[in-house]
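Student: Using the sequences and the accompanying hints, generate a full structural model.
Number 116 in this note's numbering belongs to position 123 of the sequence shown; there are no gaps in the numbering.
One should not assume that every hint holds.
Below, a list of computed lysine-lysine pairs in the DSSO-like style, where the Cα atoms sit at most 30 Å apart [to be verified]:
#, residue 1, residue 2
1, 157, 141
2, 469, 518
3, 537, 469
4, 537, 518
5, 469, 141
Okay, the calculated beta carbon distance ranges per label pair [said to hold, decoys possible]:
#, residue 1, residue 2, range
6, 550, 724, 17 to 23 Å
7, 774, 727, 18 to 24 Å
8, 123, 881, 46 to 52 Å
Since the hints were made in silico from the structure, they are not lab data.
Ideal Cβ positions, reconstructed from N, Cα and C, are used throughout, including at glycine.
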Amino acid sequence: MDRENGPRVPEQRAPRTGPEDAERGGVPEGAPGAPEPVSDLGFAVLGPVRAWRDGEQLPSGSPQQRALLAALLLRDGRTATAGELIDGIWGEEPPSQALAALRTYASRLRKVLDPGVLVSDAGGYAIRTHRGALDLDVAQDLAAEAEKLWASGERSEARALINKSLGLWDGEVLASVPGPYAENQRARLEEWRLTLLETRLDMDLEIGNHAEAVSELTALTAAHPLRERLRELLMLALYRSGRQAEALAVYADTRRLLADELGVDPCPELSRLQQRILQADSELARPVEESAPAPATVSRPAQLPATVADFTGRAAFVRELGDQLATAEGSVMAVSALAGIGGVGKTTLAVHVAHAARPHFPDGQLYVDLQGAGARAAAPETVLGAFLRALGAPDSAIPDSLDERAALYRSTLDGRRVLVLLDNARDAAQIRPLLPGTAGCAALVTSRIRMVDLAGAHLVDLDVMSPEEALQLFTKIVGEERVSAEREAALDVVAACGFLPLAIRIAASRLAARRTWTVSVLAAKLADERRRLDELQAGDLAVKATFELGYGQLEPAQARAFRLLGLADGPDISLSAAAAVLDLPPHDAEDLLEALVDTSLLESAAPGRYRYHDLVRLYARACAERDEQPPSEREAALSRLLDFYLSTAAGVYAIERPGDRLVDHLEPPSYEGLTFTDRHEAQDWLYREANCLLACVRQSAGAATLRRAVDLLWASIDIGESGANSKQYESAAAALREAAHETGDEHAEARALMALSNVHAHTGRFDDADRDAELAAGLADRTEDALTLAWAANSRGIVAIYQSRHADGEVHLTHAIDWFRADGNRPSEASALCNLSRIHLAMGRLTSAVSLAERGIAIYDSTGNSFRGANGRYALGMALTESGQHAQGAEALREALAVFRDSRQRLWEGMTLYRLAELELSARRPAQAAALAEQALAVLNGVGGDWRRANVLTVLGRALQGIGQTGRSRVCWSDALATYDDLGSPEADHVRALLHPAAVA
-6 MDRENGPRVP EQRAPRTGPE DAERGGVPEG APGAPEPVSD LGFAVLGPVR AWRDGEQLPS
54 GSPQQRALLA ALLLRDGRTA TAGELIDGIW GEEPPSQALA ALRTYASRLR KVLDPGVLVS
114 DAGGYAIRTH RGALDLDVAQ DLAAEAEKLW ASGERSEARA LINKSLGLWD GEVLASVPGP
174 YAENQRARLE EWRLTLLETR LDMDLEIGNH AEAVSELTAL TAAHPLRERL RELLMLALYR
234 SGRQAEALAV YADTRRLLAD ELGVDPCPEL SRLQQRILQA DSELARPVEE SAPAPATVSR
294 PAQLPATVAD FTGRAAFVRE LGDQLATAEG SVMAVSALAG IGGVGKTTLA VHVAHAARPH
354 FPDGQLYVDL QGAGARAAAP ETVLGAFLRA LGAPDSAIPD SLDERAALYR STLDGRRVLV
414 LLDNARDAAQ IRPLLPGTAG CAALVTSRIR MVDLAGAHLV DLDVMSPEEA LQLFTKIVGE
474 ERVSAEREAA LDVVAACGFL PLAIRIAASR LAARRTWTVS VLAAKLADER RRLDELQAGD
534 LAVKATFELG YGQLEPAQAR AFRLLGLADG PDISLSAAAA VLDLPPHDAE DLLEALVDTS
594 LLESAAPGRY RYHDLVRLYA RACAERDEQP PSEREAALSR LLDFYLSTAA GVYAIERPGD
654 RLVDHLEPPS YEGLTFTDRH EAQDWLYREA NCLLACVRQS AGAATLRRAV DLLWASIDIG
714 ESGANSKQYE SAAAALREAA HETGDEHAEA RALMALSNVH AHTGRFDDAD RDAELAAGLA
774 DRTEDALTLA WAANSRGIVA IYQSRHADGE VHLTHAIDWF RADGNRPSEA SALCNLSRIH
834 LAMGRLTSAV SLAERGIAIY DSTGNSFRGA NGRYALGMAL TESGQHAQGA EALREALAVF
894 RDSRQRLWEG MTLYRLAELE LSARRPAQAA ALAEQALAVL NGVGGDWRRA NVLTVLGRAL
954 QGIGQTGRSR VCWSDALATY DDLGSPEADH VRALLHPAAV A
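Tutor: Written out as structure tokens, the structure is:
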């Protein structure tokens, strides 16, 4: 954040004072016994002048009385003389009885406010309140705290405080308050509000929210065309959004405007920014990055194992553990317990940290491998005997029992500063006797088990390396020359290793020992998942052997859970889904999963969610193929998972679309799913599970599960329409269509084709959408699948709208209405009616267009279908707009917009913003249209396809032209024209006419 443009109020403000400070400027009325002002009074000036007590608004009187109250509040407790107040309220021509009126207003305010708040002081008046009673004080404090947070790197928190400060404004400052003083304060505080806005927008750009900022900045530059800082931020936001030509057009528009209005050139900052954009300055294209932490120093070992010469990364963990060990020099013993999956580098990190901490422990460092992952862990009494001998105790002095050895061990360490590294511990019980007992000593423990029952320990969970760290380690072993020549292949290798340090070390060592291999050869070998674990072994190092140690210690129920959960393809799995896979009640499944987390064979991704490391998942699947008996249990587990998702998704669909009979036409699942009563909870579940659900769909393309998998796609159609997971949804639908075609299942193929058609339509690929819907209809006719026939007709009617084939569309939609009506599917009938409304609108039949949309909305409303009702209001808003009923059209569209936002339907949210922009243009309000079009662009980023984006750009260009930003408007039209030409869209001629009106004429 630019400190020179930080969130400071333009006028220096003194701290508020209470009655106890009155002697500095006069004696308050009633001194010395004047009552203290109480703290439940509040005042507002960032809008209408108001006062309230305990949340209840107090009467503030006439405009002149409010002017007096505002003048005193804005002086921060300082006294204002009667003359100053009269001048501020009435100006140069006060009434003859101004002083008497002033006293009357003051008397009335005293009766309303608490005693001791409004005081007479040295011939004038003052208001004494506590800091925070005035909304302006709160706004200032929030802005000041935001600046501190930003400076300390807490950017999200800083932005939130600035937004909170801006949220205190409630319309015009000092609204309807007369007088020159109020007028000056209005200007001052409005200037500060704009500065705060610029600060918050600057923060938006710094944290990467440039696309979202464009819409707001477009509206602000239209409202404040001569404010160059806003223009500068808009240029930067556009540039970072990949809209370089528009950014340069903003500069051209600004230079022309300043020359015409003021006869000046743009400020130097704006000119420098233009030059940097012209030069495609790479530093300008991204926010300021954090500086990298300094690497930790490495010391030579003493009694510790040798540290590896190629130790890489882990800077944050080195710093955290080093700081913890350093506290042992104080008054407490430091204990750090480091846990993680086998092969993640716990021992390597612990040894490295121990060497670095050696200066803090001049009396020695002890080390032992406790063999906790093996079948025979080291006995504590044996370890204590070795430690005592290392500390100088003769064999004759070492007692036999564990307790006596532990006591002698603690006594020997008393007064010494010793570091004890307990590597590969089995559990907390094994290491408790081995812990030093006095200040100055420290213990560093590694284990695959989280030591949650080790009192007072500092617990650290070690994860895999970052991609950058992994590539650095690989490069150190293989050599810079070989890696730099095949960087992409090297990235594939470390990704195939799951960024696990042991796997990377093995793969790199194999490559380093084989000079005839290229990095690409190794990457190709690791690409085969079924062979990957076999490839990751070199000498006595093997990833599989490391995992085998942990698996061998599991109890039978834990081992079964480990095997079966590894079969699911999703990135993670919820507790409820895992319970379905295991065919167990959720609480029993949770006990097993948490036990696997404690052994580091499973990770807890979030509360109630679990995931495998990629290589551990491969090992779990290998165990399932080897150990799971009978083999049919593997298929049964995945079938239960599919049924769980299908049952739950069908329930979500039914909540979202009351009365829709699609759920009655789905394959019946044999395993129950979750049930919801709240629409938002149901929706949250669907979007949270989207990646896992679609992975299950792709995994269920076999003949026995194919139809249920296709129906799961239909039940989760919101995922495909939302935009966030459209590509994954399309990929899953294409895989099922291919599988159905190969197996000859025409019923499943028709439904998979309809899922594809729906995605194509939502991404603007209308030819593909119509083709797949036509194929689906042919197959559905042969299999007598009435629901698919109806949906195919409805889909083809929608496509016909966009392709201007209005007569065809009317035929398709009329058939759809008849089929839906015959099935008793009222909401879907309403959908087809609303689509037919758009056909009639395109054909100029405005009256019937409005009527059809209203009929559809009536059906939606009668079934309580608010989500689909929004589609009806979208169609109605378009029809009303075209018929010139702008107010009614805007109302319908805004009702639809609220529902789409609430339902997280980004495509329809963006399209509704686009229709509102069209409406504002029709109503000759180009500034509002530009802001709405910019919002539509931001929402439709990555959603809806290029054709829809070009439509929005066309409208944005017309709006920008309407507010005088002709340079930007032409850039928008040029981008739209390029898209239309690429797609072969007829809209290209219209845009070409906008760009070259004379040539067309």
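Student: Does each hint fit the structure? Answer for all of them.
Tutor: Quick rundown of the hints versus the structure:
Using a Cα cut-off of 30 Å, the hinted pair residue 157 and residue 141 holds, with the two alpha carbons roughly 15 Å apart. Restraint check for residue 469 and residue 518: satisfied, since their Cα atoms lie roughly 21 Å apart, inside the 30 Å limit. Using a Cα cut-off of 30 Å, the hinted pair residue 537 and residue 469 holds, with the two alpha carbons roughly 24 Å apart. At most 30 Å may separate the alpha-carbon atoms for a hinted pair to count; residue 537 and residue 518 meet this at roughly 16 Å.
Note on residue 469 and residue 141: the hinted pairing is violated, with a Cα-Cα distance of about 41 Å set against a maximum of 30 Å. Between residue 550 and residue 724 the CB atoms are about 36 Å apart, so this pair departs from the stated range of 17 to 23 Å. Distance hint for residue 774 and residue 727: a CB-CB separation of about 22 Å, consistent with the stated range 18 to 24 Å. Between residue 123 and residue 881 the CB atoms are about 50 Å apart, so this pair conforms to the stated range of 46 to 52 Å.
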